[in-house]
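Protein chains in written order, with the working numbering: chain A, 1 to 179; chain B, 180 to 679.
Rather than coming from a laboratory, the hints here were simulated on the basis of the structure.
It should be emphasised that the depicted structure is a prediction, and the values quoted were computed from it without experimental measurement.
Here a beta-carbon is modelled for each residue, glycine too, at the ideal position from N, C-alpha and C.
Treat the hints with care, since some could be wrong.
Stated by the list, open to error - Chain A stretches covered by chain B per the calculated footprint, using a threshold of three residues with CB under 8 Å from any CB of chain B: (1) 44-51; (2) 65-78; (3) 102-110; (4) 170-176.
In case you want the letters, here they are:
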Amino acid sequence: MGPSSWRVLALIAIVAAAAACHRTKPLSRNLNVENKVAMRSVSLYYEAPTLLLAPEQRTLPLPQSPAAALDLVMRELIKGSVNEGVPRLLPADTVLRAAYLLPDGTALIDLGGPTLTQGWATGSHQELMAVYSVVQTAAVNFPEVKRVRLLVNGEPAETLGGHISLSKALTPMPSVVAR
Amino acid sequence: MKRLVPLFILAVASILFAQAPNQATLRSAAGDRAVSVTHVDGQTMFAADEVMAALGGSMAPEGNGFQVSLNNAVAVFGPDTRFAVIRDELIEMPIMPAVVDGRPYVPWQFFQGFLSKAVDLDVSWDPLARVLAVRPAQHVVLGVQLSVANVQGISKVVATLSAPADYAILKEARAYTIRFKSPIRAPFSEQTYDDPYVAKATFSGNDLRLDLKGPDIAADAYKLDNPFRVVVDLHKVAGGAPSLPAIAGTRPVEAPGIQTIVIDPGHGGKEVGAVGPAGLMEKDVTLALCRKLAESLESKLKARVILTRTDDSVVPLDQRTSIANQFKADLFLSVHMNAAVVKGAHGAETYFLSLDASDELARKAAEVENASAATNSTDSDLKLILWDLAQQEYLNESSRFAQAVQEEMNRITGVQSRGVKQAPFKVLIGATMPAALVEVGFITNPDEEAKLKSDDFEKQVVDALTTAIQRYKTDFETRIGVLRPAAPSVGPAAKKKNGT
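Given these sequences and hints, build the entire structure.
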């Protein structure tokens with residue numbers, strides 16, 4: 001076998017290896033980069049001193065596609081209020097893994113983070129406020145959202161902290177929102 | 180040796196190609212067709228667009244993910260989760276979809292989930308023959324157990340299945356038929372009953388037929404999960420005043436009224452619940468309180484009281500409800516301590532279950548359509564398939580019970596009312612009896628945390644909850660006629676309207 005055969009074989013091996021690697025390429029997000037972005041005022045729901053959810057207005061650059069904008073609005077909600085006196089509802093280490101809007105009006109909000117993963121030690125009221133701050137914010141800002149299904153780490157979760165059932169999609173609950 | 184190296188690389192490359200051919204065969208009613216595949220972590224992944232097109236459907240990008248459609252059914256999957264969604268149901272995949280050059284590939288389990296839910300097709304993957312086969316669903320034969328019991332004037336017919344199954348309910352003048360959409364293995368072919376309403380039950384094919392003892396018997400059908408059960412509650416048609424004495428005169432198999440009470444101390448074990456600023460844990464307060472409450476109820480009400488946990492152990496939420504159902508409890512109270520991030524939150528709250536009716540209404544409509552298609556009957560099915568009427572009865576009673584609890588908690592000095600509320604509490608879902616959850620106080624409030632530690636306050640709470648349960652028991656038993664009415668305003672019509 002001469003040197004030229006060597007090179008040909010090595011090339012074939014490299015191409016084959018590259019082709020095999022290409023097949024197991026890591027997942028890529030199919031973000032719709034063509035979405036036009038515009039400034040839009042949104043209402044983020046946090047707990048007021050009355051122990052009810054109240055809106056906080058924020059202006060954000062958002063894509064026109066509701067499915068793409070939902071993700072950004074949820075990220076903004078999870079950051080917490082801009083007012084110092086307004087406490088966080090979800091654990092401080094909560095992250096948004098993904099948010100999807102399905103054609104039938106179901107918003108899929110996938111949360112993660114160490115506390116939610118290990119088990120959140122909380123009481124009913126705080127959990128109720130945390131869950132419905134997400135539901136209310138999604139429903140108020142996106143008329144397309146008819147119900148909200150919460151996942152934890154991409155999988156169905158029984159509850160966030162042992163109280164409010166997440167086994168079905170949730171609809172907004174007016175009794176927990178300030179009028 | 181050097182000469183062997185390229186041969187070795189070539190061999191490895193050829194193995195890689197052999198293990199990862201980029202096509203598989205899709206076998207369906209339309210014949211065989213090649214579809215593109217890729218491989219991730221040893222899992223064969225199919226090009227979703229090609230498979231859907233071959234089956235007469237389509238695929239399109241949707242937000243960050245992708246949407247597939249077939250015969251008006253739509254499912255959506257994203258690149259970052261193993262779960263696809265079809266309406267409110269999730270389709271689990273062993274691994275996440277892979278997007279290669281913008282094209283999504285999914286494991287065969289996605290098609291199995293989507294096609295079985297959407298169009299009743301069955302999907303299987305033969306990795307040796309490399310054939311993805313799509314064919315009409317072959318339903319698994321389901322085991323069925325049947326029980327008939329008359330409780331508090333209602334005959335409960337419970338069909339327990341080995342797995343969930345769709346069904347339709349068909350009505351005749353003196354019979355109801357549950358038509359399962361999967362083959363069933365009948366426990367018997369025919370059985371007669373010494374029951375006020377049920378004459379006999381007959382299994383035939385996929386049908387369970389219930390012959391009734393009269394034409395004026397109404398039915399409410401609903402399902403329960405874990406295990407999957409179809410329940411038909413039979414009772415006299417409402418509004419017929421002469422029929423009421425007949426209900427009161429039937430001999431129930433169990434004593435009516437509130438006899439068995441299940442008390443649920445919230446949290447336990449590593450699930451500590453809310454924690455106060457001084458370190459008081461909800462799980463410890465609830466256990467101590469509930470033990471004393473059980474003693475109090477046993478001595479003052481002479482009731483059978485069961486605690487869902489008696490030590491510092493983890494009890495899953497659905498098991499707590501199951502305990503109440505298994506003991507055929509007449510009342511369920513879950514006891515918790517509250518938490519809030521807002522400073523100054525204080526007082527007691529009592530909750531009962533809220534049910535999101537929207538999806539159930541759609542389900543009811545579908546059941547009515549199915550039943551109508553099978554029998555050509557119309558109005559009678561609408562009246563029959565009041566899916567959650569029985570659940571609604573429990574909710575009405577749960578509301579009364581929660582109100583009594585909240586009023587008694589309000590009487591405790593210094594505890595301000597935050598009212599009776601509804602929320603989808605996991606521990607209350609599936610309870611087949613009046614059920615409520617009381618939040619005694621805010622453990623996150625330093626003043627209330629100190630109070631929750633004190634024996635005096637604990638005794639006040641035990642007394643308040645005992646009184647609340649006594650009040651509800653008296654009220655309920657008066658309404659169903661076990662106790663003589665305290666006031667003349669509670670007549671037979673009111674009994675039928677409000678009672679269970």
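Each hint tested on the structure:
Only residues whose C-beta sits within less than 8 Å of a C-beta in chain B count toward coverage, and the region 44-51 of chain A has 4 of them, enough to reach three; the restraint holds. Judged by the Cβ-Cβ criterion of 8 Å, the region 65-78 of chain A is covered by chain B as claimed, because 5 of its residues qualify and three suffice. Counting residues of the region 102-110 of chain A whose CB lies closer than 8 Å to any CB of chain B gives 6, which reaches the minimum of 3, so the coverage claim holds. Here's how the region 170-176 of chain A fares: 4 of its residues keep a CB closer than 8 Å to some CB of chain B, so the rule of at least three is met and the hint holds.
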